[in-house]
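J.: Keeping their order, the protein sequence lines are chains A and B. 1 is the number of the first residue of the first sequence in full-length UniProt numbering; add one for each residue after it. 1 is the number of the first residue of the second sequence in full-length UniProt numbering; add one for each residue after it.
These are computed hints drawn from the structure, not numbers from a lab. One thing to keep in mind: the hints can contain errors.
What the hints assert, rightly or not - The list that follows gives simulated cross-link-like pairs (lysine-lysine, PhoX-like), each with its CA atoms no further than 20 Å apart:
{"hint": "1", "chain 1": "A", "residue 1": "K67", "chain 2": "B", "residue 2": "K177"}
{"hint": "2", "chain 1": "B", "residue 1": "K137", "chain 2": "A", "residue 2": "K67"}
{"hint": "3", "chain 1": "B", "residue 1": "K147", "chain 2": "B", "residue 2": "K128"}
{"hint": "4", "chain 1": "B", "residue 1": "K131", "chain 2": "A", "residue 2": "K134"}
{"hint": "5", "chain 1": "B", "residue 1": "K147", "chain 2": "B", "residue 2": "K182"}
{"hint": "6", "chain 1": "A", "residue 1": "K73", "chain 2": "B", "residue 2": "K137"}
{"hint": "7", "chain 1": "B", "residue 1": "K201", "chain 2": "B", "residue 2": "K31"}
{"hint": "8", "chain 1": "A", "residue 1": "K30", "chain 2": "B", "residue 2": "K90"}
{"hint": "9", "chain 1": "B", "residue 1": "K128", "chain 2": "A", "residue 2": "K146"}
{"hint": "10", "chain 1": "A", "residue 1": "K146", "chain 2": "B", "residue 2": "K131"}
{"hint": "11", "chain 1": "B", "residue 1": "K128", "chain 2": "B", "residue 2": "K177"}
Said to hold, decoys possible - Far from chain A by the CB rule (all over 10 Å, computed), these chain B residues:
{"hint": "12", "residue": "L24"}
{"hint": "13", "residue": "N27"}
{"hint": "14", "residue": "N29"}
{"hint": "15", "residue": "L30"}
{"hint": "16", "residue": "L41"}
{"hint": "17", "residue": "E169"}
As the list claims (entries may be wrong) - Each pair of labels, with its calculated beta carbon distance range:
{"hint": "18", "chain 1": "A", "residue 1": "K73", "chain 2": "B", "residue 2": "P43", "range": "48 to 58 Å"}
{"hint": "19", "chain 1": "A", "residue 1": "E219", "chain 2": "B", "residue 2": "P123", "range": "45 to 55 Å"}
{"hint": "20", "chain 1": "B", "residue 1": "E39", "chain 2": "A", "residue 2": "A235", "range": "34 to 44 Å"}
Just so you know, even glycine gets a beta-carbon here, dropped at the ideal spot from N, CA and C.
As a plain string of letters, each chain reads:
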Amino acid sequence: MDKTVVEKINAANNAAARSKGNRMPTQPIKLYYLPPSPPCRSVMMTARALGIDLELVLTNIMEGQHKTPEYIKMNPQHTIPTMDDNGFILWESRAIMSYFVNAYGRDDSLYPRNPRQRALVDQRLNFDLGTLYKRYMDLYVPMLFKGEAYNDEAAEKLNEALDWLNIMLGGRAFVAGDNLTIADISIVVTLSNLEAFGFDYSAHENVVKWFERTKKTLEPYGYAEIDQGGAHILASFLKKE
Amino acid sequence: MPVDLYYVPGSAPCRAVLLTARALNLNLNLKLVDLHHGEHLKPEYLKINPQHTVPTLVDDGYPIYESRAIITYLVNKYGKGSALYPEDPKARALVDQRLYFDIGTLYQRFGDYFYPQIFGGAPADKDKLAKVEDALKLLDTFLEGQKYVAGANLTVADLSIVAGVSSFEASDIDFKKYANVKRWYETVKSTAPGYQEANEKGLDAFKALVNSLLKK
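Just need the whole structure built from these sequences, with the hints factored in.
T.: Right, dumping it as structure tokens:
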């Protein structure tokens, strides 16, 4: 992925937002990231959607760049993505996305302020981290990084989570209502991975339709280069039989 | 306007909700869910929560599940301006990061280690225990030089994490060997409003459950 291109687009978005009189960070927000990392992709697309200028700092976790003394001092949990907003350090992608909207959103559509609507987004974000993305990792991390075989029991648990997602999408255009929110941006990266890996989720019809709808909605925010591109890098790690 | 909570006393996520409601002086109609007889799998429950978990909050007919979404909702709705979940974006972000650390790392690793033992009769897994210890070390680091997990004030992050960490007492995990964690635990026990009623009571129920399961 071309860092310079993304930065130029971000700068243009940021200038446009500034011209409308919005508060924006004084310096670009640093994002420690790696292109294939799903939670990094979510944060990057959210920044694009909000016109937030990011300074991307490549952090190759496969070469231990997240375990240097400097990195651990900044983030003792040594994870990516990690954000540095003019000295304010934050990690956990879903906390970063929430912060972006809370601090810099032109409006609250990506993360509604109304308590009930917000609770729905928060429930989806917790479902994502605690259930959907967890079960995706339980199936694919051993395959991607330890060369292990496809585990049917883990696949069944992932399908169960997709079934729940399918139910949540019943009667809704997006996961938390009529509009795109950070819950969609968080969850879509897992579907992008599943698509790139050839996992069959076609039985979950609401999920299939929502995925296509969300891809289109995220197109102007770098879906193809950030998310799809990142997913394809990950797919290349899968053991080829 | 009734606020119903579907819960079981032993469940740590349910206790996090009880602690938060108590801290907000909010009355909840407590509805015990008979998990043993599959009450959570019945159509009426699936209607409010298709994932059939506890806790589920139903606020004047509006259902919410996932404990950490419930507790932030309760402050957003009934505790505007409360330090429990500050409005300032940076302060709030820190609380959020601790909550995601809880669900994605700390409480998750505890569950991964302990629940297969008590619910599945599996032997203790040393690698999984090591992961719990790593998470406790991180919590200890987060608490360095600060009274509560997200700063100087008690927040819903403390309430969520204490409900989970107190459950460790039912296991062989010695979380009190981490000095900051031990200090924080004693602090929260004495400063979280209604801690005895909201957490300790349910924790006793959890310990009793664990004892009966491990005896089999």
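J.: Does the beta carbon distance between E39/B and A235/A stay inside 34 to 44 Å, or does it fall outside?
T.: holds (43 Å)
J.: Under the criterion that the straight-line Cα-Cα distance not exceed 20 Å, is the pair K201/B, K31/B satisfied?
T.: holds (16 Å)
J.: Between K147/B and K182/B, does the CA-CA distance stay at or below 20 Å?
T.: holds (12 Å)
J.: Would the pair K73/A and K137/B pass a check requiring their Cα atoms to be no farther apart than 20 Å?
T.: Within the cut-off at roughly 14 Å; holds.
J.: For a C-alpha distance cap of 20 Å, please report whether K137/B and K67/A respect it.
T.: Holds - the C-alpha atoms of K67/A and K137/B are around 16 Å apart, at most 20 Å.
J.: Holds or violated: are the alpha carbons of K30/A and K90/B at most 20 Å from each other?
T.: Holds. K30/A to K90/B sits at ~16 Å (cutoff 20 Å).
J.: Between K67/A and K177/B, does the CA-CA distance stay at or below 20 Å?
T.: Violated - the C-alpha atoms of K177/B and K67/A are around 25 Å apart, more than 20 Å.
J.: So is E169/B really clear of chain A, every C-beta pair being over 10 Å apart?
T.: holds (23 Å)
J.: Compare the distance between the alpha carbons of K147/B and K128/B with 20 Å, and conclude whether the hinted pair is satisfied.
T.: Judged against 20 Å, a Cα distance of about 29 Å means the pair is violated.
J.: Checking a non-interface call: every C-beta of chain A should be farther than 10 Å from the C-beta of L24/B. Is that right?
T.: holds (13 Å)
J.: Given the hint that K128/B pairs with K146/A, does the C-alpha gap stay at or below 20 Å?
T.: With Cα atoms ~17 Å apart, K128/B and K146/A stay inside 20 Å; holds.
J.: Does the beta carbon distance between E219/A and P123/B stay inside 45 to 55 Å, or does it fall outside?
T.: holds (50 Å)
Hint violations for this structure: numbers 1, 3, all remaining hints satisfied.
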